[in-house]
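**Q** Residues per chain, in single letters:
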Amino acid sequence: MGTRVFGEPVKRREDARLLTGRGRYLDDLGRDALAAAFVRSPHAHARIVDVDVSGALDVDGLVAVYTWEDLPGRVGEPLPLLIPHPALTHGRTGYPLARDVVRHVGEPVVMVVARDRYLAEDAAERIRVEYEPLPAVVGIENAERAEHLVHDDVPGNVGAVLHQETGDAAAAIDAAPHKLEFRLSIERSASTPLEGRGVYARWDADDGSLRVYSSTQASTSVRAAIAARLGLPNGKVEVVAPDVGGGFGVKIVHPWPEEVLVPWAARLLDREIKWTEDRREHFVAAAHERGQLQDVRVGFDDAGRVLGLDVRILHDHGAYTPYGIIIPIVTSTQLLGPYKIGAYRAEVVSLYTNTLIVTPYRGAGRPQGVFCMERTMDRIARHLGLDRADVRAANFIRPDEFPYDQGLTFQDGRPLIYDSGDYPELLRKARELIGWDGFEAEREAAARRGRRIGIGLGVYVEGTGVGPYEGGHVEIDTAGRVHVSTGLTSQGQGHETVFAQIAAAELGVPIRDVHVTTGDTRRFGYAVGTFASRAAVMSGNAIALACRKVREKALRIAGEALEADPRDLEITDGAVHVRGDLSASVPLRTVAVLSNPLRYAFDDETAAATQFAVDRPPTEPPVAEGDEPGLEGRGYYSPVRSTFAAGAHAAIVETDPDTAEIAILRYAVVHDCGRLVNPMVVEGQIHGGVAQGVGGALYERMVYDESGQLVNASFMDFLMPYATEIPRIETDHLETPSPLNPLGIKGAGEAGVIPVSAVIAAAVEDAEGLRVEAMPLSPDALYELRERASGEPGLRVREAPRDGGTETGGQFAVGLSGALPPSERGR
Amino acid sequence: MEDLHDIALTVNGVHRTARVPARRLLSDLLRHDLGLTGTHVGCEHGVCGCCTVLMDGDPVRSCLTFAVTAAGHAVTTVEGLAAPDGTPSPVQRAFRECHGLQCGFCTPGFLCTVTALLRETPRPTEDEVLEGISGNLCRCTGYQNIVKSVHRAAELLAESGGEA
Numbered sequence: 001m002g003t004r005v006f007g008e009p010v011k012r013r014e015d016a017r018l019l020t021g022r023g024r025y026l027d028d029l030g031r032d033a034l035a036a037a038f039v040r041s042p043h044a045h046a047r048i049v050d051v052d053v054s055g056a057l058d059v060d061g062l063v064a065v066y067t068w069e070d071l072p073g074r075v076g077e078p079l080p081l082l083i084p085h086p087a088l089t090h091g092r093t094g095y096p097l098a099r100d101v102v103r104h105v106g107e108p109v110v111m112v113v114a115r116d117r118y119l120a121e122d123a124a125e126r127i128r129v130e131y132e133p134l135p136a137v138v139g140i141e142n143a144e145r146a147e148h149l150v151h152d153d154v155p156g157n158v159g160a161v162l163h164q165e166t167g168d169a170a171a172a173i174d175a176a177p178h179k180l181e182f183r184l185s186i187e188r189s190a191s192t193p194l195e196g197r198g199v200y201a202r203w204d205a206d207d208g209s210l211r212v213y214s215s216t217q218a219s220t221s222v223r224a225a226i227a228a229r230l231g232l233p234n235g236k237v238e239v240v241a242p243d244v245g246g247g248f249g250v251k252i253v254h255p256w257p258e259e260v261l262v263p264w265a266a267r268l269l270d271r272e273i274k275w276t277e278d279r280r281e282h283f284v285a286a287a288h289e290r291g292q293l294q295d296v297r298v299g300f301d302d303a304g305r306v307l308g309l310d311v312r313i314l315h316d317h318g319a320y321t322p323y324g325i326i327i328p329i330v331t332s333t334q335l336l337g338p339y340k341i342g343a344y345r346a347e348v349v350s351l352y353t354n355t356l357i358v359t360p361y362r363g364a365g366r367p368q369g370v371f372c373m374e375r376t377m378d379r380i381a382r383h384l385g386l387d388r389a390d391v392r393a394a395n396f397i398r399p400d401e402f403p404y405d406q407g408l409t410f411q412d413g414r415p416l417i418y419d420s421g422d423y424p425e426l427l428r429k430a431r432e433l434i435g436w437d438g439f440e441a442e443r444e445a446a447a448r449r450g451r452r453i454g455i456g457l458g459v460y461v462e463g464t465g466v467g468p469y470e471g472g473h474v475e476i477d478t479a480g481r482v483h484v485s486t487g488l489t490s491q492g493q494g495h496e497t498v499f500a501q502i503a504a505a506e507l508g509v510p511i512r513d514v515h516v517t518t519g520d521t522r523r524f525g526y527a528v529g530t531f532a533s534r535a536a537v538m539s540g541n542a543i544a545l546a547c548r549k550v551r552e553k554a555l556r557i558a559g560e561a562l563e564a565d566p567r568d569l570e571i572t573d574g575a576v577h578v579r580g581d582l583s584a585s586v587p588l589r590t591v592a593v594l595s596n597p598l599r600y601a602f603d604d605e606t607a608a609a610t611q612f613a614v615d616r617p618p619t620e621p622p623v624a625e626g627d628e629p630g631l632e633g634r635g636y637y638s639p640v641r642s643t644f645a646a647g648a649h650a651a652i653v654e655t656d657p658d659t660a661e662i663a664i665l666r667y668a669v670v671h672d673c674g675r676l677v678n679p680m681v682v683e684g685q686i687h688g689g690v691a692q693g694v695g696g697a698l699y700e701r702m703v704y705d706e707s708g709q710l711v712n713a714s715f716m717d718f719l720m721p722y723a724t725e726i727p728r729i730e731t732d733h734l735e736t737p738s739p740l741n742p743l744g745i746k747g748a749g750e751a752g753v754i755p756v757s758a759v760i761a762a763a764v765e766d767a768e769g770l771r772v773e774a775m776p777l778s779p780d781a782l783y784e785l786r787e788r789a790s791g792e793p794g795l796r797v798r799e800a801p802r803d804g805g806t807e808t809g810g811q812f813a814v815g816l817s818g819a820l821p822p823s824e825r826g827r
Numbered sequence: 001m002e003d004l005h006d007i008a009l010t011v012n013g014v015h016r017t018a019r020v021p022a023r024r025l026l027s028d029l030l031r032h033d034l035g036l037t038g039t040h041v042g043c044e045h046g047v048c049g050c051c052t053v054l055m056d057g058d059p060v061r062s063c064l065t066f067a068v069t070a071a072g073h074a075v076t077t078v079e080g081l082a083a084p085d086g087t088p089s090p091v092q093r094a095f096r097e098c099h100g101l102q103c104g105f106c107t108p109g110f111l112c113t114v115t116a117l118l119r120e121t122p123r124p125t126e127d128e129v130l131e132g133i134s135g136n137l138c139r140c141t142g143y144q145n146i147v148k149s150v151h152r153a154a155e156l157l158a159e160s161g162g163e164a
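Taken in order, these protein sequences are the chains called A and S.
Going by full-length UniProt numbering, the first sequence runs without a break in its numbering and finishes at 827.
Going by full-length UniProt numbering, the second sequence runs without a break in its numbering and finishes at 164.
It is worth saying that the hints were derived from the structure and are not from the lab.
Careful, some of the hints might be misleading.
Below are the SDA-like pairs computed for lysine to any residue, each with C-alpha atoms no more than 20 Å apart in a straight line [said to hold, decoys possible]:
| id | chain 1 | residue 1 | chain 2 | residue 2 |
| --- | --- | --- | --- | --- |
| 1 | S | Lys148 | A | Thr724 |
| 2 | A | Lys11 | S | Pro88 |
| 3 | A | Lys11 | S | His151 |
| 4 | S | Lys148 | A | Asn596 |
| 5 | A | Lys549 | A | Ala601 |
Full structure from sequences and hints, please.
**A** The following block contains the structure:
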């Protein structure tokens with residue numbers, strides 16, 4: 001093998017272009033394309049009475065206006081339901097342009113095409129749509145009451161009822177020595193990448209083919225969808241995900257209405273067309289997530305071991321279900337976390353509301369499940385007067401119990417069997433990192449200075465690397481360049497670097513010679529997509545398998561040239577040589593020439609290679625049976641089931657006794673994603689995940705009014721954290737390799753975000769001595785909780801915090817600037 | 001037809017002219033008329049900071065600036081941060097070294113903001129760094145490595161004698 005690259009913090013290869021303005025994001029392409037804009041519903045629920053486009057027709061530069069009536073055949077059909085499930089008895093999807101009824105604010109009604117975006121919006125503004133408003137269903141409780149329906153033919157607004165069950169939870173709870181019953185709630189948030197969605201299409205009339213660029217997490221599936229809707233063979237549609245400015249889940253949905261309409265119009269008009277989503281559109285017309293109510297019943301013994309757990313989850317999936325019920329499936333399975341639960345039952349009721357669709361956002365249902373389980377663990381500990389970490393430890397699956405079968409079916413339809421892990425060690429490291437055991441003294445010391453601090457922790461298990469497959473293709477050309485491609489896409493995860501590290505390590509070539517392409521159907525046609533922390537596991541292993549084929553072929557060809565047994569050969573720094581002897585070697589670029597019996601001497605390398613050429617016997621074909629010209633290989637990785645990463649987070653927070661402001665003083669992460677390909681990249685993923693988790697825990701919510709208007713649909717009102725809101729994150733690793741794949745890796749993309757709400761809730765609860773049952777927790781929500789607690793002693797989990805001194809305001813003002821001064825850190 | 005205005009400005013040291021409607025945003029002028037697509041637009045309401053460019057050395061939101069008001073001024077975009085021979089600036093180098101970017105969409109705005117910040121405050125404290133970048137959103141990095149990048153850039157600048 002060449003220089004060690006697997007496992008090293010190799011600097012990112014994508015950075016050179018991204019740091020100099022040479023990235024190519026969707027809106028950077030198609031400078032001369034026409035622009036599309038959409039007239040979207042201002043109502044959450046209404047019947048479309050009339051669309052009058054006449055006012056738009058004299059706008060300079062207008063090219064076309066389309067409503068649903070203009071969409072022919074399959075183009076106008078409802079969008080596909082991507083992931084059907086037997087429990088989703090009443091799945092419904094929208095039309096690319098609304099037909100008769102709109103069911104959420106932001107639903108597209110009219111498409112306008114004009115010379116540029118300014119003019120397209122001028123025209124859109126002049127189109128008059130007459131609506132007959134219908135009652136809007138907003139909020140989970142209203143949806144469940146079903147006084148009004150989102151879809152006339154969906155009784156009770158119930159899209160799906162899903163059950164998960166192992167053992168007899170009801171009986172176990174009844175028989176348990178201790179029981180608790182409570183309700184938890186988590187609000188909506190959203191992926192909110194800084195680049196919105198976008199589609200750019202160009203039709204080649206001579207070739208009868210379409211090239212589409214989309215800011216997507218699944219270019220191969222976008223291709224299949226467009227081909228099907230437009231009646232084109234797959235081979236006549238190319239879809240490219242260019243540089244993508246963040247995804248976090250929202251860009252896995254496909255096809256979006258715009259992904260059908262823009263290519264369709266481009267072909268119809270035989271003109272290049274581009275649509276770039278603006279920020280308000282992203283808030284009201286892309287997708288949200290989170291949003292659940294959970295009714296929990298739990299029975300446990302004196303040690304805090306859970307004997308029975310029964311959870312009823314009310315899940316708000318918005319107006320349509322294009323992505324099925326993946327989120328509540330994930331919530332209801334991943335809820336079990338690292339624990340052995342005696343008997344478990346979950347009932348999910350997935351409900352329609354007149355709000356934006358709900359599809360996966362980083363974590364994809366896990367944060368809700370972990371919130372439920374970790375809040376339950378804390379409740380049990382408080383109830384029994386036990387240490388919260390000890391209660392968790394009492395319930396852990398032990399390291400010698402893997403593979404561990406949770407007895408449920410996971411999101412991939414496979415048994416929920418954990419492959420490997422060491423949860424006690426994760427907890428031990430997290431306790432140590434945050435200083436769990438010495439915290440009471442710290443609390444006392446802080447109280448003496450008039451400050452109120454609390455500590456919390458959370459442990460989670462994350463199913464990663466779900467199938468069914470990914471593929472990789474590797475080709476070494478006659479200049480010695482190694483071209484690696486895989487079909488899944490990239491949105492900032494550093495795939496160009498990480499996959500190059502894997503290829504360089506497998507092939508024994510310098511990483512500078514490796515060039516990685518992702519998300520381009522011209523290079524690789526079969527793929528699933530980038531979601532579920534699956535890219536490194538799935539494409540990483542597929543690329544490794546492809547490299548092993550290429551390596552084997554290279555050794556065979558080089559063996560013939562060097563008259564050596566391929567088993568005695570190895571590859572170092574891009575050249576094949578006899579093990580331990582660098583004098584007899586043949587560079588891979590020469591092997592690439594030799595792999596192809598057609599040797600026009602286009603370059604020096606080809607000319608030079610003739611000295612090595614081994615003529616095949618004249619009685620045999622130049623390309624042997626079963627062989628192929630070229631030094632290339634293709635590999636697919638298809639796992640029997642998912643890998644399961646895990647982690648433990650802990651935080652110390654401070655709450656202001658007067659203003660109820662919450663500051664995170666310290667945040668510690670210990671995580672285990674198996675073997676690390678690039679620790680720098682993994683740590684970056686953790687940081688970003690935690691930041692999104694902090695957003696969800698303290699700041700971000702989608703505020704719908706009773707009529708279904710999203711009243712905070714801008715970055716002025718939706719509070720995404722800035723640098724001043726995010727604490728410094730302290731990290732530690734554990735590497736428990738997965739036995740399921742050749743590289744022993746597990747996914748890491750979502751890990752950071754998963755337990756954050758649970759951890760912050762626990763820490764605030766600990767600081768305040770007040771039960772926290774709902775997130776996010778803004779200062780006004782905490783203030784309200786304090787007010788409620790003064791009349792409701794049951795909300796108190798321990799005696800009121802003693803704030804010691806009285807001069808608290810000035811002290812806290814320091815913390816409010818986003819971080820304590822360095823002298824105050826780490827206490 | 002809209003009235004068009006002839007404007008002249010300096011962009012990355014190069015004299016440029018354009019005919020634009022009064023409502024055309026500076027971000028659109030840069031991106032779509034001049035082809036400098038390194039400046040990104042993340043919200044179009046001046047909150048995210050992706051579109052930050054330097055006007056006469058000061059950071060401005062190009063999505064909240066009309067192109068016509070940039071007439072006569074000198075604008076620097078991410079494409080103009082490197083040395084004329086292409087050597088990345090200390091700020092650009094630091095972001096790569098410290099993994100201060102992931103998807104890269106917010107990055108040009110951060111680079112321009114930090115370039116100006118370090119010109120004003122060559123050795124910023126932790127709080128000054130946080131304050132200095134608190135007008136730019138990033139959804140990928142959690143900011144930790146961006147903060148690290150700023151400190152590193154300050155070091156590199158000091159080593160190179162302060163030339164951003």
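**Q** Taking the hints in turn, state whether each one holds.
**A** Going down the list of hints, with the structure as the test:
1. Lys148(S) with Thr724(A): holds, 14 Å
2. Lys11(A) with Pro88(S): holds, 15 Å
3. Lys11(A) with His151(S): holds, 18 Å
4. Lys148(S) with Asn596(A): Violated: Lys148(S) and Asn596(A) sit about 50 Å apart, past 20 Å.
5. Lys549(A) with Ala601(A): Not OK: Lys549(A) and Ala601(A) at ~27 Å, beyond 20 Å, violated.
Checked against the numbered hints given earlier, the structure breaks hints 4 and 5 and satisfies all the rest.
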